[in-house]
Structures are given as structure tokens and as C-alpha cells.
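Asks: If you want the building blocks of each chain, they are given just below.
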Amino acid sequence: MGFEEDVLKDFITEAKENLERLDEEFVELEQHPEDRELLSSIFRTIHTIKGTAGFFGFKTLEAIAHFAEDILSKLRDGLVVADEETIDMLLKAVDYIKAIIAALEETGKEPVDETYLDFLVDLRNFAEKVAKKAEGGGAPPKEKAEEAPAQESKAEEQKPSEEPPSEEKPEEAQAVAESQKDQEEPKAEEKAAPSEEGKAKAESKPEAPKPALASPKKKEDKGVPHVHLTETHVRVDVKLLDQLMNLAGELVLSRNRLVQIASRISDAELQNATQNLSLVTTELQEKIMKTRMQPIGNVFNKFPRIVRDLARSTGKKVNLRIEGADTELDRSIIDAIKDPLTHLVRNSIDHGIEEPDIRVQMGKPPVGTLVLRAYHEGGQVVIEIEDDGRGIDVEKVKQKAIEKGLITPAEAEKMSDREALALIFKPGFSTAQKVTNISGRGVGMDVVKTNVEKLGGSIDIQTVLGAGTTVRLKIPLTLAIIPALVVTCEGQRYAIPQVSLRELVGLSPETRKNIHQIGDSEFFRLRGEMVPIIRLSKILGIEAQPRENESLVILNSGAMDFGLVVDEIWDSEEIVVKPLGKHFKDISIFAGATIMGDGKMALILDVVGISRKIGLKVEDVDKAKEETAAKTVGEDEQQFILLFNVSPEEQFAIPLALVARLDKIKAEKLEFVGGKEIVQYRGRSMPIIRLENYLPIQPLPEQEEYHLLVFAEGEREVAFLVSRIVDSIQTHVKLDERLYQIEGVLGSAIVKDRTTLFLDVYKIIEMHDPYFFVKIVPQEERPYRVLLAEDSPFFRQMIANYLAAAGYEVETAVDGLDAWEKLQKEPFDVLVTDIEMPNMTGIELAKKIRADERLANLPIMALTSLASDEDRRRGLEAGIDEYQVKLERAKVLEALADLLNRKYARAA
Amino acid sequence: MQLPATETEAKKPALTEETKLFITFWLADFLFALPVEEVVEINRSLDITPVPQAPSFVSGIINLRGQILTAIDLAKRIGLKREKEAHHNVIIGRDEEPLSLLVEQVGDVVEIPLSQIEEPPEVIEGLDVQFVKNVSKLPDRLLVILDVRKILEN
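Protein chains in written order, with this note's numbering: chain A, 1 to 908; chain B, 909 to 1062.
Just chain A, same shape as in the assembly:
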């Protein structure tokens, strides 16, 4: 009994391993349907299962294996070619075999269920069909098939015959099915098999290829165990390994403690002994850790089948490539990443890779590529899931997040792409337009993220719309023992996992100068980069004494760097991570606790949790970076802007230079006459522009008194009506044009901690009154073509707009080089250029033009923020015809018209 139980256990273990391999092999077979070696390998596996099943008398299992083997033998002998249908059938057979094996493992008996028998009949019919097909294509002679039963008794000595008979399969199946229904036979006879089913076994024997011989042999010599335990490998219970691991952890702690004591006592002999112990302990720990290491291939190997099935059910074509399958990871981690990986792969196929026809339309190969890649990087394992599908549409993500109420539209507008992508990880988010049976069931990426972070890992998405998505997981090699930096805060020690550590900075009065206060947050300027910093005591919520000397630990939370101010930095130590009790589960700033060398405890800081707790946003960091930039650029790039509100929530800006006057009026002064809102101003009626009538913004609230921003054009005046003037400041404007593509808005930038819309005053006035500006362009039969070279998007848009409003046809270039290239391609009547530009300055550009034969006569007008005499001289030397200040629109237009008149009148 004991022996049989052992053999059964071995059989199940082996069968499970083999079945895993089968999945892969079948998928491979689909791609190389004629691969003999592959077919033989599959055949052998199935055959072994069949043989052993027969030995134990598992009839259903035996029969399924038998018919599968039947089909396979035809494939192997090249009588039929493996098509999708056949492989589907075979895979189904493998699934049923798996289910039976699972049941065997649990109950030790085959499951009694109609579905198995139904499938058996299907499989039998299919096998028959295949056999017929094979016959048509030159099957072996029929006599041979009928001969087989007769040879039954001599089966043992018989040489392998190529073909099991196909004729009697139906009866056999029937027989098996019937016997199954009628009685439960726990085991077949050990010796000869007198029954019908016995025949199957007998037949199977002759054709058994060598590796499978083990099972039939067993029938003869009972004493030989089924699975040969080779001398090099032993199966060990995982629990035992886990215990070993824990013990090793304890040993490391004792060692640490001993080393500390030894260093205190300073006895040479003790020192030697502890050093030796230390070495052995380290090695032991490493080796034990190694026993738990498994190649990630153990997980990856499941994916060919999953990918195949998914691709089939979604009607897509996917080619899976696996890289770095031999990368090793702790087995507990391997187990833990299985589900997240499956989810990500499903997502890639379901949402990422397009249907073949769509792919072709987009100029991609019809078969999508999915890459599963693993590699080591800096003590961590990186796993990438890369697809060449449609990528993630950030706007759609935002839209969805708004629909689900995760964010407000206002928040969405402010969000960077990276922040928007992070929305995918929010609970309750799913990008699938429809809920499919594969993904999009609500439990989604948030669970994936939580699971990965639980492992001390991080997850990151990179996507290019239309070109594909790469999800990158960074996972620690092992969970139990990690190197960590020990720091202190108010007398307590805390451990920071080394993987998150970037660098250490001592805070002296000198280095403290690099700390900058921006809004409520502090930033540290580290080699020109602004890194947000936070005090550990503040995170912990404990009263901190002011200290002379502190240290700054620069950490990386996966998404960003930040600095943690601690009292002291102790040492780097290997620590054993111990979980904290359930009372601490809501505290996200700790990853666990550890026992230090002196027996005292230290809490392990959760770097990701801390970064989240302090609410660091990429936007804040960008802002800090911007402010550093503002301090480093030259004065000439700065300009005065006027900040104002219409409704209190939204901040707007315009260049102060454009405003003729600022004034206040009482609400009762406003009149509505002839469909126009006007105000009595300096004895005249001045039209009023309410911005909300032209821009999609919050309306002006009712107030007793309003502010007027008055703009003048010659004798004419117009005013914006606003609620409040916030400030006028000198700053460098780094305009983002992409976020707001609205007529009348040049772009947005963050000014004084707020997102601020920069308005195009000329455009808005023109929207209000198309005839407000006098067109002073010398009108010929066609408009003059102007090439405008200007690197600042803010000025480029504004100038282009006022030139266009004046009747010119405007083409823009982002710098001198771009302008030069455009000049080569198309004819222009005049060049209007900035002086200070990257790649090629206005001066260089002018020189180049003057040196070029075809362009030598092109009129050139330079625009600059401030025009000094020196500038003018240099410009004229380079061949620039006119020099004007950017914001003086009227003068610019006048001078331009004048220049064109001069040049072309002369030419004519």
C-alpha cells in the first residue's frame, strides 16, 4: 500500500511537470507543425501517462491518453499535418488529463463525471476522423491493424510497431465508458490484463519509445520505483526550505550581535572565531537563498498557452517572445508575480494588440508581438511586458477617470501624461470600452500595483500612442533578507532598504544653502536638480528638536527622487524583514520591522509609502525645476507680466507692456447700449470685453467694483473687465502650448504656484471687433508672405497672430536653423526674426542670408525684447534692415509695412 501510494505520488508529480511542458510544446507545434522531434517528445509524454494510468487502472485517463496518442502517432509519422483543429483537440485532451490528475492528487480517484465520458466520445470520433484522413493519405495496410490484437500475448518481445490499430478504438472507448459507468474499479490487476482495456496497454507497450519504458517495466518488477531519483537531485518540501530560510535569518541576526560584542571586547581569538562564523553564515545564507531560487521561466512557460488561447478567443494574432527565462528569483516571489503577470499579459492582448486587419491598415505586420523579458539590474529583477499594439491614449484615460469620478475635469487638464497614466492604477479604473471575458472586470491594474508593491517592487508604464506599451516591473530578488541603511530620528533607529537609496548628503551650514523653500515644500538643489525633501520626524509625526547636524538621504521611490532628512546615518546592514502585526496595516510608511544586532528593533521604512504620504507630485517637482531655470536665465529673457482673475479660481496673464492703462470702475457705470457693453471713460464711450464671452472660462462674478485693463490702438480704446489684479511680476515664461489649444489662449504656465493662462490680447480684441486694428499692410494682389523666426512659443504665437491679423500670410520657424531650412524650400517676401535663438541666432541667420545669392535681397526685420544701440549696430552690420521691440505691435507693423514698401517699390 505504502509503496503504491509513493508511486502514485511520484506519478502525479511527474505528470504535472510533463503537462506543463506539453502546453508549450503544443503551441510550438502549431508554428512548426511538421517538427518530428517535437511530435515525438509530445508523443512520449502522452504515452508515459497512458502507460502509468493503465498500471493504476485509471480508465478514463488511460483512454484519453490513448486516443490522444493515436492522433499524435499519425502526426508523428507524417500521415496527417497538425492543423489548428487537431491541436485544439489535443490541447483539450491535455486539459482533461490535467483535471483528472488534479482530482487524483486530491482524492486518489478518478473523477466520476459525464463530461469526461462525453469528451472521450468526441476525442474518439476525432481520432477516427484523423485515422481516415491518414488512410486516405497512404495509411498502413489494414491487415496490420487487425493483426495487432492477435499479437497481444507476445507484446513484450515484439518490436515497436508504427501503428496502433485504429479500427477497434470506438469499441474500446465504449467499453471504457461503460465500465466506468457501471463500476468503479480502483486498480487494474497487477499482472496480465485479461480485459478489453488490457489490450490497450498491451498495444501501447510495443510502441513505447525508450524513455517511456519505465512504466510498463514496473509491471514486471514490482520492486523498482517508478520515478528514478537520480543522485544529483532530491525533491524537498518547500516548507522545509522556508524554515531553513527563517533559521538562516535568525543566524544572521545572532552573527550580527556577536560581531558587535566581539568588536567591543577586542579579543584576538574571539575576533578570529567570529570572523570565521561570519563568513560561514554569509555563505550559508546565500546557499539557502539559492535553494529557493527558481528560473522565472517557470512562470513564463505558462504564457505560450495563455497567449495562444487569448489570441484565439479575441481573433488576434500574437507572437510571443520570451527573453531571459533563466533569470532567477526567489520562489515566493515567483509565486507572487504569477497573477500580476497574467493580468498584464491579458491586458496587452486584450487592449494593446489590435485586430490583424487594423494592424495592416496602420502599416504594421498583422501578427502582433508580445515580449516577456526578464533581466537582473542592480540587485533587482526587471520584468518587462512589451507589446507593439495601439498604446495607451492618455486623453481617453483622463476621460475615463473623469467619468468614473476619480478626478475632476479641472484636475485632468492640469495633469501631465505621466500622472494621467498613473490613473490606470487607481481602484475602479478600467480602460476597456466593453467588458470582455478576458480583462476589464473592474479588478484591474490597482490590484496588480498593490501586489507588486507588496513585494517591495515597483511598476511603471511607458506608452507611445499607436506604437505600443511597455510595462516594467522591478522586483527584489528575495524578500527575506535585504541590505538596508540604518538611520536615526529622535533616538530611534529606522532601516531604509538599500534598493531605494540613491546617495547620502551631510547637511552642514554650507550644504544647507542648497535648500530652497518653494511654497510649503522644501527642495534641495543637487547638482542643479531640484529634489523635494521632507523631514523623517514630520513623516513620523513626532516632535523634533532642532539639530545642528543632520543628514539627507536621497531616495528613489520608483517614480521620482526625494530626500529624507534624518538625524544620523548609522550603518549599512543586512536585515531580516519581519512583518508587522495587523494593528499597523493602515500605516503605509513602514514595510515591516527588523531585529538589530543588539537585539533591539528597528522599523523598516516603506519608501514608496512615504513618497505617497508626502503627496509629492511630478508637477511640483517640475515647478521647482522651472524656478531654478528662471534664476539661471539671463535678464533679457524675462518680461513683466500682469496677473489677474476673472473668477477667483482661474488666473490669467498678459504682457504688461500691452496694457495702455489699468483702472477701476463702479458696476453702475457699465451700460448696455445697442447690443454692446460700454463704459463712460474719460468722457468717451469705451467698449468692454467680458472674457467669458470669448473663452471657455468661469464667468465674472457680480461685484460692486471692477478692474479695467485698457488697450489702445491709435485713437481707439477697448478694455477687458476683470475682477481682481493679482500682481505684476518679472519672470521667465516657459509656456506650455499643448494643454490649451483654444483661440485667444497662447498657452499655460505655472506662475506663483498656480496654473495660469496666457491670453492672446490681439486675438481676443479681434474676436470682439474684427475692425479694431487698422490694417496697415501694403496690400497688393496677394498678401505678403512673412517668415517669422522666434524660439519662445509665447512670442511666436503672439507675433504671428498680430501679423496675421494685420493681413500678412505668416509662416513660423522655431529657430534660425529652422528658418534657414524653410527659406531654402519656399519663397518669402520678408523675414522677421528674433536675435537670441538656439541652433542659429538671428545675427548668424542674417549673415547667412546675405551671403546667399538667391536670398541676398530678402528684407530682414529683427525683433528683440529690448533694443539697445549696440544691438542695432551689430544687426545692421549683419545685414538686418529694421530693428523693433517685440511687444510694440503698432510700431512693428508700421515699420514692416514701411520696409516692404521701401524694398519692393525700389525693386519695381
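Hints were generated in silico from the structure; no laboratory data involved.
Treat the hints with care, as some may be off.
[Said to hold, decoys possible] Think about it this way: if two alpha-carbon atoms lie no more than 25 Å apart in a straight line, the pair counts; the simulated SDA-like pairs of lysine to any residue are:
hint: 1; chain 1: A; residue 1: LYS600; chain 2: B; residue 2: ARG1049
hint: 2; chain 1: A; residue 1: LYS600; chain 2: B; residue 2: PRO960
hint: 3; chain 1: A; residue 1: LYS582; chain 2: B; residue 2: ASN951
hint: 4; chain 1: A; residue 1: LYS582; chain 2: B; residue 2: LEU1051
hint: 5; chain 1: A; residue 1: LYS404; chain 2: A; residue 2: ASP350
[Stated by the list, open to error] Covered stretches of chain A (in silico footprint by chain B; criterion: 3 or more residues with CB under 8 Å from a CB of chain B, positions within the stretch not fixed):
hint: 6; segment: 540 to 550
hint: 7; segment: 571 to 581
hint: 8; segment: 875 to 883
[Claimed, not checked] Listing some non-contacts, in silico: residues in chain B with all C-beta distances to chain A over 10 Å:
hint: 9; residue: GLU925
hint: 10; residue: PRO943
hint: 11; residue: THR957
hint: 12; residue: ASN971
hint: 13; residue: LYS992
hint: 14; residue: HIS996
hint: 15; residue: GLU1005
hint: 16; residue: GLU1030
These numbers come from a predicted model, not from an experiment.
Just so it is clear, CB atoms sit at the ideal spot from N, CA and C, and this is done for glycine as well.
Position chain B against the provided structure of chain A, taking the given hints into account.
Replies: Quick look at chain B alone, frame taken from chain A:
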């Protein structure tokens, strides 16, 4: 001192009546009790490492032979005002996550007849009754038997 787990059904042959064994301890003038089978062991003062941001009734964590346990300030947990420092650890939680309850002084193990174990009164001055499972009137004072489940609840 390590307590064996099996002495729960202890009966005195001289008595026909069924009894139950309790471990008693002192906290702010109250004599509390827990059934012996709930208690894993009792430890004299162990170093407590505070855990910032933890619930107020959690004193911190202790190192019990390499295992890290949560130490509960029992007085705070059950709404008592305690004057003295509570240094002794009553470790509970045989089948689940073990916890240490901090008490001022450990008393005797007492054996109480089931008939003398009563439902708690509606109000016990200075104490949150929801944590009280039963009471028993001893000759000189009231023995308050605590409800371990309630204490373990989050």
C-alpha cells in the same frame, strides 16, 4: 514562565462542581483575569519600540525570541486611567497573531467554579464594559474577566 496549554479542563477531585482556571493581573486597582487557555506566556519587562502613527492603544513592538509582536497598552484599550507603568507582558493569541498585553502586576492563577462566573453589570466605574466578558465576586473584590476577542478586534 511558560504555561502549558492543556490544563484547561482541570478539575479538583474533591469538588463535584466544574471550575475554570484564570490568570489574574492588576491594572489601576482592578483585578483582571483571562482564561489560562487564552494566554501563551507571561514575560517580565521587554523592550518596547514605539511605532509612530500607530493607534493610540498600541504601545509599540516587542521582540519575543526573534518574533516581533505588537504590544497593546491594555489600560488605554479598555478605557482605564492607569497611574503606574505597565511593564509586564501577558502574551495572548494561541491560534492567531500573538499580541502582548501590558499590565502592571501579574497575580495568581485562580480557580473559579462556573457557578460563580456572572454576567457583567451594565456599568463598571472607570472601565469600558464592552471588553468585559464576565465578572466573579471574590471575597475581597470583583474579578473582571476580559473578552479576548473584543481586545483583539481592530
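Asks: Checked against the structure, which of the hints given earlier come out wrong?
Replies: As far as the earlier hints go, 1, 4, 8, 11, 12, 15 are violated by this structure, in ascending order.
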